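Q: Next come the chains, spelled out residue by residue.
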Amino acid sequence: MSSTFTTSAARNIFYGGAVFSFLLLLALTFRTEQVLPQRDQRAQLDNPQVVAGKRIWENNNCIGCHTLLGEGAYFAPELGNVYKRRGPDFIKAWIKGQPTGAPGRRQMPQFNLTEQELDDMVAFLKYASEINTAKWPPNIEG
Amino acid sequence: MKYKSQAVAKPYFIAAMGLFVAQILFGLIMGLQYVIGDFLFPHIPFNVARMVHTNALIVWLLMGFMGSAYYLVPEEAETELHSPKLALILFWIFLVAAALTVIGYLAVPYATLAKITGNDLLPTMGREFLEQPTITKIGIVIVALGFLYNLSMTFLKGRKTAIASVLMLGLWGLAIFFLFSFYNPHNLVKDKFYWWWVVHLWVEGVWELILGAILAFVLIKVTGVDREVIEKWLYVIITLALVSGMVGTGHHYFWIGAPEFWQWWGSIFSALEPVPFFAMTLFAFNMVNRRRREHPNRAATLWALGTGVMAFLGAGVWGFLHTLAPVNFYTHGSQITAAHGHMAFYGAYVMVVLTMISYAMPLMRGRAANSNKAQVVEMWAFWLMTVSMVFITLFLTAAGILQVWLQRVSDTPLSFMATQDQISLFYWMREAAGLVFLIGVVTYLVSFFIKGEERAA
Ligand code: HEM
Ligand code: HEM
Ligand SMILES: [Fe+2]
Chain A
53 MSSTFTTSAA RNIFYGGAVF SFLLLLALTF RTEQVLPQRD QRAQLDNPQV
103 VAGKRIWENN NCIGCHTLLG EGAYFAPELG NVYKRRGPDF IKAWIKGQPT
153 GAPGRRQMPQ FNLTEQELDD MVAFLKYASE INTAKWPPNI EG
Chain B
26 MKYKSQAVAK PYFIAAMGLF VAQILFGLIM GLQYVIGDFL FPHIPFNVAR
76 MVHTNALIVW LLMGFMGSAY YLVPEEAETE LHSPKLALIL FWIFLVAAAL
126 TVIGYLAVPY ATLAKITGND LLPTMGREFL EQPTITKIGI VIVALGFLYN
176 LSMTFLKGRK TAIASVLMLG LWGLAIFFLF SFYNPHNLVK DKFYWWWVVH
226 LWVEGVWELI LGAILAFVLI KVTGVDREVI EKWLYVIITL ALVSGMVGTG
276 HHYFWIGAPE FWQWWGSIFS ALEPVPFFAM TLFAFNMVNR RRREHPNRAA
326 TLWALGTGVM AFLGAGVWGF LHTLAPVNFY THGSQITAAH GHMAFYGAYV
376 MVVLTMISYA MPLMRGRAAN SNKAQVVEMW AFWLMTVSMV FITLFLTAAG
426 ILQVWLQRVS DTPLSFMATQ DQISLFYWMR EAAGLVFLIG VVTYLVSFFI
476 KGEERAA
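Here the protein sequences come in this chain order: A and B.
So the number in this note's numbering is just where the residue sits in the first sequence, counting from 1, plus 52.
So the number in this note's numbering is just where the residue sits in the second sequence, counting from 1, plus 25.
Treat the hints with caution; some may be incorrect.
What the hints assert, rightly or not - Under the rule of at most 16 Å between Cα atoms (straight-line distance), these lysine to aspartate or glutamate pairs were calculated in the EDC-like manner:
no.	chain 1	residue 1	chain 2	residue 2
1	B	Lys-215	B	Glu-105
2	A	Lys-187	A	Glu-167
3	B	Lys-185	B	Glu-253
4	B	Lys-215	A	Asp-171
5	B	Lys-185	B	Glu-105
6	B	Lys-398	B	Glu-285
7	A	Lys-148	A	Glu-167
8	A	Lys-187	B	Glu-478
9	B	Lys-215	A	Glu-167
What the hints assert, rightly or not - If you only want the chain A side, here are some residues facing chain B, beta carbon under 10 Å, derived:
no.	residue
10	Gly-68
11	Val-87
12	Leu-88
13	Leu-121
14	Gly-124
15	Ala-128
16	Gly-139
17	Pro-140
18	Ile-143
19	Trp-146
20	Gly-149
21	Pro-189
22	Glu-193
What the hints assert, rightly or not - From the derived model, a few chain A residues whose C-beta atoms are all more than 12 Å from chain B:
no.	residue
23	Asp-92
24	Lys-144
25	Ala-145
26	Lys-148
Worth flagging that the hints you see were computed from the coordinates, not collected in a lab.
All of these numbers come straight from a predicted model, not from anything done at the bench.
Every residue gets a Cβ at the ideal spot worked out from N, C-alpha and C, and that includes glycine.
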């Protein structure tokens, strides 16, 4: 690089660029926080079952096999829309019925959830399915 | 090695390699579970293997960064490390915490681990890559603070080169953004939104400063090119990285409930993210072509060039492939994501750590470079790992394209599980490539034990 472009000029451009970009990210984040209430179904968080369901989701590491809104592991089906795909009764029966034990098939563990916990989980998955995701996934299969 | 205290890097590098082996073994277990679903079930369910695989990766890369920094900063600052003793104590704390965490993953169900570690007091567990119990996370923060204190004191009392400054900035950034792992709101959208402030702002932000600084350091050493030139390149690269990568975070905000303006901001800025990676490739080749000396450590030079190329392919090309919102709509959370994740992590961060180990380890063992025989074996390891990673990526990409087609594009979409059955051939081929990768890792470890004529340092 030419000698008119000095190291200290390069450094100043770096610091300027970094600060500017971070401020831009903060501004867009600020705007995001303003818009989110219209999209994120936060009223449902007043329901203690939804909050409890999220904790059960986390404490059993469901994300270690499944995706939720497309993020997570890719070993098992998307669950962000499973409430719409399968409905509450199927979800509860499915979790209770694991593992299938079918030879060679991918297995889901038995988590020994109580009836109350199963209902909390369903409430959480219903909440997740109603978040405005800009029409993702492309179809019901997730 | 110019300063005695640089030697504290050695245990970090050795532990990193141990965890690397564990990472790959658990990768192979998962790869098999992809096609033989009940393999090792219920002893090691897939989610447990995955935590070990990804957390071992992250921890060994962090160990690699720490070792690299302990080696690099004293040499750049031209002074001994502030406290070698603190560095060793922190090493053992970190290693024991990592080992206990892995034992916890493997020994008890995750829900039990959450319970006995008091997750409900400050719930941070159960989110991808951040599965560690909250107390482990607190331990990581303590280790990181001690590490930063030690290096900052060293940095402040010595010569402040651009390379050391950029490295320190990257390391501080790493620690600061990790703090977002403690923010876990009930609101799922916000949880996801700020989760990326750890994950994305690490790999496509502050870690790139660390990557650039380590690469620049090794290139100065092996090529003898003027520091002035190298430092200018470094600043240009990291400017491009942060300007594209910060707002580029938006490529994760398309479908998680965030406002739709992110589809524009995220697509445009992240589409520019390959530029700094391309600059890094040019940088590495340019410096090596303009070299002023023939450094006896040819293996380190090969790793440095490889980092440039593979980081560009994995992060730049495979990242660009799915980063535009209309494409990501179909590929989001598919095997395409996994393909990219593998080549990007390998090409950028695994390779840069191995570059530094390749350069510094012989010096810490009292020689300028390993014997020719040892270097040949190391270069075999380079090619085995790198070529098999290319194949892992290609097979996963093929699987991903079919998956998207069958499950998301088709007029008569198959279910997720039915789709997985259709593409199992590619998972078998990925597993075969994975075995070659393991052979590469073993070859790499073997290269450390090969004697032969060595040149003194
Ligand atoms: C023997 C070679 C390997 C095999 C068979 C393997 C296999 C796997 C599998 C099956 C997954 C889980 C995918 C899912 O969630 O469904 C995974 C995830 C992952 N692996 Fe590997 N892996 C290997 C080597 C590596 C290496 C060398 C790296 C790093 C350089 C790596 C980094 C990762 C990362 C970052 C993830 C998370 C990916 C994501 O969330 O998109 N793996 N691996
Ligand atoms: C060395 C740098 C990089 C590393 C280590 C890396 C790694 C990863 C990993 C592990 C994931 C999966 C995260 C998850 O599990 O949810 C991911 C996702 C993604 N990456 Fe990267 N990446 C890098 C650079 C880039 C670049 C430069 C681009 C764009 C040009 C990019 C575009 C993406 C996109 C669009 C996704 C989301 C995929 C989806 O929607 O499922 N990445 N990256
Ligand atoms: Fe990203």
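Q: Hints first: check each against the structure and report whether it holds.
A: Status of each hint after checking the structure:
no., hint, in the structure
1, Lys-215(B) with Glu-105(B), "44 Å, violated"
2, Lys-187(A) with Glu-167(A), "32 Å, violated"
3, Lys-185(B) with Glu-253(B), "14 Å, holds"
4, Lys-215(B) with Asp-171(A), "23 Å, violated"
5, Lys-185(B) with Glu-105(B), "14 Å, holds"
6, Lys-398(B) with Glu-285(B), "57 Å, violated"
7, Lys-148(A) with Glu-167(A), "9 Å, holds"
8, Lys-187(A) with Glu-478(B), "64 Å, violated"
9, Lys-215(B) with Glu-167(A), "28 Å, violated"
10, Gly-68, "9 Å, holds"
11, Val-87, "4 Å, holds"
12, Leu-88, "6 Å, holds"
13, Leu-121, "5 Å, holds"
14, Gly-124, "5 Å, holds"
15, Ala-128, "7 Å, holds"
16, Gly-139, "15 Å, violated"
17, Pro-140, "18 Å, violated"
18, Ile-143, "15 Å, violated"
19, Trp-146, "12 Å, violated"
20, Gly-149, "15 Å, violated"
21, Pro-189, "7 Å, holds"
22, Glu-193, "5 Å, holds"
23, Asp-92, "4 Å, violated"
24, Lys-144, "18 Å, holds"
25, Ala-145, "17 Å, holds"
26, Lys-148, "16 Å, holds"
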